[in-house]
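Trainee: Listed here are the chains, written in short residue letters.
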Amino acid sequence: MVNLIWALMAIVGILYAMLNGTMDKVNKAIIESANEAVTLSIGLISILVFWLGVMKIAEAAGVLKLITKLMRPLIIKIFPEIPKDHPAMGYILSNFTANFFGLGNAATPLGIKAMQEMKNLSKSDTASRSMITFLAINTSSLTLIPTTVIAIRMQYNSASPTEIVGTTLIASIAGVTSAVLIDRYYYNKESRRK
Amino acid sequence: MSWMTTISVWIIPCFLLIVLITASWKKLPSYELFVEGGKEGVKLAFSLLPFLVGMIVAITILRSSGALGALIGLLTPVLTFIGVPPEVLPLALIRPISGTAALGMTAELIQTYGPDSFIGRLASTMQGSTDTTLYILTIYFGAVGIKKMRYALKVGLLADLVGIIVAIIIVSIVFG
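Protein chains in written order, with numbering that gives the first Met the number 0: chain E, 0 to 193; chain U, 0 to 175.
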């Protein structure tokens, strides 16, 4: 799907330029924007190095574990079908914590582990209620600090690159809350039908 | 909404403070740990590079040809009627499909409209507050061999929609 969208953007653009005489602009844009994108990616290094460095300390210092502990009572309520001390619960919590701190690369393997444990509980190839809740929360991404976005804003000389942290946090809390509620709604709807 | 700005300014330094005090208290080699983690940051930035080049070039072709402007112009009456800034529509549509594609679009929007413009702030908030629903469902369900997704896709996409609506509202309130 991404492949098609990506190709279509360029195809439509070039065809449109043919018909509207903007080919010179397109030609210039291709070279310049590639250069632009490389400059941008290099610029991302600063904040990614800083943030992942800080997170390494946070992890060793047990700050991540503390957050996990604080979230636990709430998460247990959201996943009523998983026994409290089942390994699935541990992986779910670690995945949420990693996502919360913008450690996407660390979060994915933990999330897959969580899914495997949930599959061991359900023993079927149909998505279980807990799996759907888990993924619903994952897809709406609760992130404390959107590091890459801040880095991009920095690159384009924002007067205040971090000013969007507050709005992002509010929007993601709303997103996660509604994910949980929408998930509950469909779950209830489906179980009533049975 | 000055408290929101205060949160935005204080959150990173305070987090850093807590982490460093805890690490020093526990006598951890914090500088060495920082460097070790930082190396992963270099790798991550370079791995993003080809994605960003590909996506930014494609969207720039579409914009510089005038096709994107024409499309946005066509949709403007409907979108402004429901309160959605038409410029962010392409981002809203691609956000659930591909994370790196959305990142490229966010960068392009910030470059075109400026990071401190309404569109720049809105794109930043949208990019940070939702994740790639289709990608996550494919990866996670695929990894453990789930064949029937049931209502997972519906929930994911509806939650994305709510996230985007909230982003528009909150950015309008705080920065509007």
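The hints are simulated quantities; they were obtained by calculation from the structure and are not laboratory data. Each hint should be verified, as a subset may be incorrect.
Claimed, not checked - Below are the DSS-like pairs computed for lysine-lysine, each with C-alpha atoms no more than 30 Å apart in a straight line: (1) U:Lys42 - E:Lys188; (2) E:Lys64 - U:Lys26; (3) U:Lys26 - E:Lys76; (4) E:Lys64 - U:Lys147; (5) U:Lys38 - E:Lys188; (6) U:Lys25 - U:Lys38; (7) E:Lys64 - U:Lys25; (8) U:Lys26 - E:Lys118; (9) E:Lys188 - U:Lys26; (10) U:Lys38 - E:Lys27; (11) U:Lys42 - E:Lys83; (12) U:Lys26 - E:Lys83; (13) E:Lys64 - U:Lys38; (14) U:Lys25 - E:Lys68; (15) E:Lys118 - U:Lys38; (16) U:Lys42 - E:Lys64; (17) E:Lys112 - U:Lys147; (18) U:Lys26 - E:Lys68.
Trainee: Hint by hint, say whether it matches the structure.
Mentor: Hints versus structure:
{"no.": "1", "hint": "U:Lys42 - E:Lys188", "result": "violated (45 Å)"}
{"no.": "2", "hint": "E:Lys64 - U:Lys26", "result": "holds (17 Å)"}
{"no.": "3", "hint": "U:Lys26 - E:Lys76", "result": "violated (36 Å)"}
{"no.": "4", "hint": "E:Lys64 - U:Lys147", "result": "violated (34 Å)"}
{"no.": "5", "hint": "U:Lys38 - E:Lys188", "result": "violated (48 Å)"}
{"no.": "6", "hint": "U:Lys25 - U:Lys38", "result": "holds (23 Å)"}
{"no.": "7", "hint": "E:Lys64 - U:Lys25", "result": "holds (14 Å)"}
{"no.": "8", "hint": "U:Lys26 - E:Lys118", "result": "violated (41 Å)"}
{"no.": "9", "hint": "E:Lys188 - U:Lys26", "result": "violated (53 Å)"}
{"no.": "10", "hint": "U:Lys38 - E:Lys27", "result": "violated (35 Å)"}
{"no.": "11", "hint": "U:Lys42 - E:Lys83", "result": "violated (37 Å)"}
{"no.": "12", "hint": "U:Lys26 - E:Lys83", "result": "violated (33 Å)"}
{"no.": "13", "hint": "E:Lys64 - U:Lys38", "result": "holds (23 Å)"}
{"no.": "14", "hint": "U:Lys25 - E:Lys68", "result": "holds (19 Å)"}
{"no.": "15", "hint": "E:Lys118 - U:Lys38", "result": "violated (35 Å)"}
{"no.": "16", "hint": "U:Lys42 - E:Lys64", "result": "holds (25 Å)"}
{"no.": "17", "hint": "E:Lys112 - U:Lys147", "result": "holds (19 Å)"}
{"no.": "18", "hint": "U:Lys26 - E:Lys68", "result": "holds (22 Å)"}
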